[in-house]
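Protein chains in written order, with my numbering: chain A, 1 to 497; chain Z, 1001 to 1117.
Everything labelled a hint here was simulated from the structure, so no lab data went into it. All C-beta atoms in this analysis are idealised placements derived from N, C-alpha and C, irrespective of residue type, glycine included. A few of these clues could be false.
Said to hold, decoys possible - Think about it this way: if two alpha-carbon atoms lie no more than 27 angstroms apart in a straight line, the pair counts; the simulated DSS-like pairs of lysine-lysine are:
| no. | chain 1 | residue 1 | chain 2 | residue 2 |
| --- | --- | --- | --- | --- |
| 1 | Z | K1011 | A | K4 |
| 2 | Z | K1060 | Z | K1093 |
| 3 | Z | K1002 | A | K132 |
Unchecked claim - From chain Z, some residues computed to sit far from chain A (all C-beta separations above 12 angstroms):
| no. | residue |
| --- | --- |
| 4 | M1001 |
| 5 | G1053 |
| 6 | E1099 |
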Amino acid sequence: MENKHSILEMDYIERQERIALKNCGLIDPERIEEYIRYEGYQALAKAILKLGPEGVIEEIEASGLRGRGGAGFPTGRKWRSGYLAKGGEKFIICNADEGDPGAFMDRSILEGDPHSVIEAMTIAGYAIGASKGFIYVRAEYPIAVKRLQIAIDQAHGMGFLGRDIFGSGFEFDIELRLGAGAFVCGEAKALIASIEGKRGMPTPKPPRTNDKGLWGKPTILNNVETFANVPPIIRKGSGWYAGIGSEKSKGTKVFALGGKINRTGLVEIPIGTPLREVIYDIGGGIPDNKKFKAVQTGGPSGGCIPKEHLDVKIDYESLQEIGSMMGSGGMIVMDEDNCMVDIARFFLEFSVEESCGKCTPCREGTKKMLSILDKIASGEGVMEDLDYLQSLGNVIKETSLCGLGKTAPNPVLSTLKYFRDEYEAHVKDKTCPAGVCQALLEYYITEKCIGCGACKRVCPVNCISGEKKQLHTIDPVACIRCGACQEACPVDAIIKR
Amino acid sequence: MKTFEELIALKEEIIAGEAPDEIKIMVGMATCGISAGAKPVMQALKDCVEEKGLSKVKVKQTGCIGVCRLEPMFEIFEPGGRRTTYVDMTPEKAVEVVEEHLIKHHIIERYTIGAYD
């Protein structure tokens, strides 16, 4: 059979629909000419010369575009509120503070097609009447920062930024602001506080940032991927965009596939694509013939989706119904070797560390939940702990100040719901079915032992006994489960159970 | 830049500026590509193309196309629309591709994306 030579011929690429990523991997991101060659800045020209501010907002509304940072707020409605907001000075902010573990969608767009974000922000500024935009980008993304600055300078040079854009009298400029990597700064109000030079902490809503945002002025804040969808919508029309996706959620979503999946990487799919298709047909399934256990979407704010729900269509509502969320686009696949208690603990630990500490439910509550999970993972848990986790999680969700706290319990609540048997195994049987939680494991020497003594020599607590050329044994009480013996054994006679 | 026509004219001018027999090599130079070793691959391509005097060949950088696991990678775009994706590259393999693909016009099957996925 003829080999496939081009990426375009690959089945997993053919199943995708690239809108936000359309230029990524095709153009040189440091040359504005290449962006212009592929229809770049035509949307800005059309917005200013043909549509006018209201026309732009109507197009975005009609397209059905929703926030790709995860919450899914309708972008057109947001822009309209910015347009209607009173007050002379207004701001546009691009949230490029991508922080979910395993997520790199925004980085790819910024590195691969920075002009698309700059063009979109300028269109947004024109639509709502703002003359200044900020891109809040992580300092840990140096290549993105460098290419954004190059793109801004080039856009200035060509007159797509600056004064009197397309002869309309409209003026717009964009500056970069570097974030120091605090997860909470991805939250709109904390991000704004950080730009203002204050400590990045959220404040209660209302007022919403649309009315009182940066320096108290009306501010429209969108995520990188949301912006990247804007130029194609304006150029090709809302009707085209609204024809892609599901009934309630239009367009595409970019996901970063990671974890126990064959084809890790970035994919962009029409919203409404079944999860199974993404994991098996596009992602290539689970490596080493292992069994699929769950997929985690939405990072530390999301939940774990079990195999019963593999046929769920990926959209904002459907994922929320089953206890997860679309999130910014991290998709981490787990197989039979992953312990769900351990996974819940990993994500919760992230939220505990990143909690800004301002509101009590998030600061104290998540810490308490983590200590219960630690207890369960070390075999000290009791059945009441599971109910306590559940009720504590619900309280934190309802009473936290910002999105970080409101969603932090999700990884625990969703695993409790779908993998309760694993929690019960830790509590009742004091075992970890996946063989992950060290405290619940026992190292055991099987009949394969040749009595060479290699394990005995490496054991740091001298808990292995046995005569030369005889079967050795491990004292389970003294064993600290470091695993050194298993590594030293030349015949793989030592197992965990 | 004041009118739509001006912008379209600029676009046409950019396209017209490309030689019809130009061959483009686009090297994945996003974080994923660079961390997998794309910089030495790109340098090897540039050096080799210059050394062999392949004046029609342009070596350029691009972003992430999404298959980060196969980085470093580059794609060769040829007149007539042929596109070949070479993956899991090293500087040595890149030199081999220049010699085989660009000079002798043989695709090196085993380095293409189809051989990997």
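Tested hints:
{"no.": "1", "hint": "Z/K1011 <-> A/K4", "verdict": "violated, 32 angstroms"}
{"no.": "2", "hint": "Z/K1060 <-> Z/K1093", "verdict": "holds, 18 angstroms"}
{"no.": "3", "hint": "Z/K1002 <-> A/K132", "verdict": "holds, 20 angstroms"}
{"no.": "4", "hint": "M1001", "verdict": "violated, 4 angstroms"}
{"no.": "5", "hint": "G1053", "verdict": "holds, 23 angstroms"}
{"no.": "6", "hint": "E1099", "verdict": "holds, 17 angstroms"}
Comparing the model with each numbered hint stated earlier shows that hints 1 and 4 do not hold.
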